[in-house]
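Listed here are the chains, written in short residue letters.
There are 2 protein chains.
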Amino acid sequence: MALLVQKFGGTSVGSIERIEAVAEKVISYRDQGNDMVVVVSAMSGETNRLIELARQIDPQTRGRELDVLLTTGEQVTIALLAMALQKRGYPARSYTGGQVRITTDSAHNKARIKSIEHEKITGDLQNGCIVVVAGFQGVDEFDNITTLGRGGSDTTGVALAAALKAQECQIFTDVDGVYTTDPRVVPEARRLNIITFEEMLEMASLGSKVLQIRAVEFAQKYKVPLRVLSSFEEGEGTLITSEYGADKTMEQALISGIAFNRDEAQLTLNGVSDTPGVAYQILGPISDANIEVDMILQNVSADGTTDFTFTVHRNDFETALDSLKRTAKKLKAREVSGNNKIVKISIVGVGMRSHAGIASRMFEILANEGINILMISTSEIKISVVVDEKYLELGVRALHEGFDLKSQP
Amino acid sequence: MALLVQKFGGTSVGSIERIEAVAEKVISYRDQGNDMVVVVSAMSGETNRLIELARQIDPQTRGRELDVLLTTGEQVTIALLAMALQKRGYPARSYTGGQVRITTDSAHNKARIKSIEHEKITGDLQNGCIVVVAGFQGVDEFDNITTLGRGGSDTTGVALAAALKAQECQIFTDVDGVYTTDPRVVPEARRLNIITFEEMLEMASLGSKVLQIRAVEFAQKYKVPLRVLSSFEEGEGTLITSEYGADKTMEQALISGIAFNRDEAQLTLNGVSDTPGVAYQILGPISDANIEVDMILQNVSADGTTDFTFTVHRNDFETALDSLKRTAKKLKAREVSGNNKIVKISIVGVGMRSHAGIASRMFEILANEGINILMISTSEIKISVVVDEKYLELGVRALHEGFDLKSQP
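Just so you know, the sequences run in chain order S and B.
In case it helps, my numbering puts the first sequence at residues 1 to 409.
In case it helps, my numbering puts the second sequence at residues 1 to 409.
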């Protein structure tokens, strides 16, 4: 018998009918002989309803009491799902985060899991129970209720799977898996059967918002195989795992997917003197303004001066530009320029580690379409280019076609 | 500095505006230098909403998971009230029953409190915090969430007041105190400043449904002074206490109030042989049918046979009559009779203990109005009569006037 941890998000438990459907799905896995632990979120809309109540009292509300309030959302769902399972003749018990118990640090609204006691769950499983656990929540060492921040239910699922040494943590969502790229841009986009944690992290952080990044990092750290499946359709979904494994090498493509990000803006300081500490002097004020920086590029200096470029979220463009102009004066830089009509396109794949020529193939494909590359940045398993926003769809489609992602490798 | 426990019911916290008003009220007591512990119910309508969700899954639902579901109601209120207090600059911390912790037995949906740890609350009070506690809930020894049954928030308030040795437990409701009788029947009915636990129990069980009987019993057992006040109006309310105390003897009336019950029905077995065990043989089947018996009367036997009379709720009249007819056959009784057009009127007062002649004064007042008394039953601090239902208002008004209850004693 295998032990499976399944996580169902807010949309999957958004009504009594859907909770009943989740019960049926869980039972279908139970009937195959698996021990089942189910993690659920608040019913969709419930968390927003609670936040709205709190805001009517205090628009700035946060901290301890907000966690006490929000955790009721999942508590309602666990009780209802346990009832639905019991009605079908399957013994079930629900637990809040505090009951399990899932111990976190004391950072209210964005706590991190420190440890999980699993004796109660193990005992219930041995008694033939299906165990239902509230996602997104825990308690600190003083028994104060905490939350893991939005999307934290994924993290709860992975953490429980790690603590219980589950065979898999299955995340049920409203998509049926991870795709080679966004099917709204490329209709031929293909569902991946398998992808590595590293690839998933690059895909997720670049805009394929299927899973919370924290949950993927957690799964990678504790080597918990993750599977993304649809709550509403049958199918195997996408398995996210440490490596492709011996039996799956045939499947391994050079690149796994194409991620993109529409919300980029680029800022450049030209002709700044190339001295130690200059990068800090430029980015310090940006960071102080709570602006997150994505790509950072600095080229080899020629005449003792250099050009320094970075990208930020498009919403932060004006603020970042003002800050950069002040820095430019201080550093006596030659010029400040910026562009908020750009996008980033990335190809991702562990395969490129061992294959030369992927980058030049990427640039060739884009050149054939007449797309001018504004910036290039690479990591071990990713190559990103920044191009004019008007080329986004054309670029993504050309790369998807050029690397033959629509065909099973 | 005194320590006060205040309890606000569902209507008093039924909207954000009302929660803000409760915060203002609590702060007004805090500003007078009191340490404050506040117990709240779920916002009115919320418990019914949750029950409705559960019933959509399983109309028969009860037990452990129902408690997990329902306790979210108060958890929402404690968080919102704590936020409202904090917004006004008053440090506040909320606790669920499990966090406090309030330990109960494992009888889900109708658990009884076994013990209360109060170290956290005491610590918070010493730090100047207002403490907000969820009513109606606790955990059993295995950390399972339990509820005390409907109205259990009053019990939580009293139990906390007892554990914390509070000066008073103040129950805020939608009435401004306990009255000499129902003002809808007697417009001159007067709010009592003070009443004993015993009197309150007689008044409550006879229809003045201001407080939960269990909470009053609990307060009596642990000698916690209770005060009933209005959430919406200013006023001192009614203090419910062990005895009238030396300084309050002036106030002590012969009788404190007049209770009545419209829903009575009477059943009589005439000419049943007066042998040991006959009472059990008559009432056993009634009890087996889950019918609660109120008054029981059996007169001294004359010819070896006796008449046995009891009253039940009017809704149970037909069932009880059928049962009694079967018993009559078995016991070879002469006759079965019944009347479901009767009411019970009671005068209540610890004063009657030490004063003879209260009963005859009561019968005189009723006789002067031409009211025929069908049954009489007495306890130490109560005299009840059963009369035809058409005399209810006339009888209650005549007694209120005859014992001069409208005037402050």
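By construction, these hints were calculated from the structure, which means they are not laboratory data.
Be careful, since some hints might not be right.
Remember, identical chains collapse to one label, so a pair may be satisfied in a single copy or spanning two.
[As the list claims (entries may be wrong)] Simulated pairs of lysine-lysine, DSS-like, Cα-Cα distance not exceeding 27 Å:
#1 Lys223 / Lys87
#2 Lys325 / Lys221
#3 Lys120 / Lys110
#4 Lys87 / Lys110
#5 Lys221 / Lys330
#6 Lys329 / Lys221
#7 Lys325 / Lys406
#8 Lys325 / Lys120
#9 Lys120 / Lys165
Bear in mind that the values here come from a model prediction, so they are computed numbers and not experimental data.
We went through each hint and held it up to the structure:
1. Proximity of Lys223 to Lys87 under the C-alpha cut-off of 27 Å is found in neither arrangement, the shortest distances being 35 Å within a copy and 44 Å between copies.
2. Proximity of Lys325 and Lys221 under a CA criterion of 27 Å is satisfied in neither setting, with 41 Å inside one chain copy and 75 Å between copies.
3. Taking the closest pair of Cα atoms, Lys120 and Lys110 come within 27 Å of each other both inside a single copy (26 Å) and across two copies (24 Å).
4. In this homomeric assembly, Lys87 and Lys110 come within 27 Å of each other (Cα to Cα) only across copies, at 21 Å, whereas the closest approach inside a single copy is 35 Å.
5. For a Cα distance limit of 27 Å, the shortest separation of Lys221 from Lys330 qualifies neither inside one copy, at 43 Å, nor across copies, at 77 Å.
6. Within a single copy, Lys329 and Lys221 get their C-alpha atoms no closer than 45 Å, and across copies no closer than 79 Å, so neither meets the 27 Å cut-off.
7. For a Cα distance limit of 27 Å, the shortest separation of Lys325 from Lys406 qualifies neither inside one copy, at 45 Å, nor across copies, at 83 Å.
8. Within a single copy, Lys325 and Lys120 get their C-alpha atoms no closer than 59 Å, and across copies no closer than 53 Å, so neither meets the 27 Å cut-off.
9. Proximity of Lys120 to Lys165 under the C-alpha cut-off of 27 Å is restricted to the intra-copy arrangement: shortest distance 15 Å within a copy versus 36 Å between copies.
Figure legend: structure checked against the earlier numbered hints; hints not met, in rising order: 1, 2, 5, 6, 7, 8.
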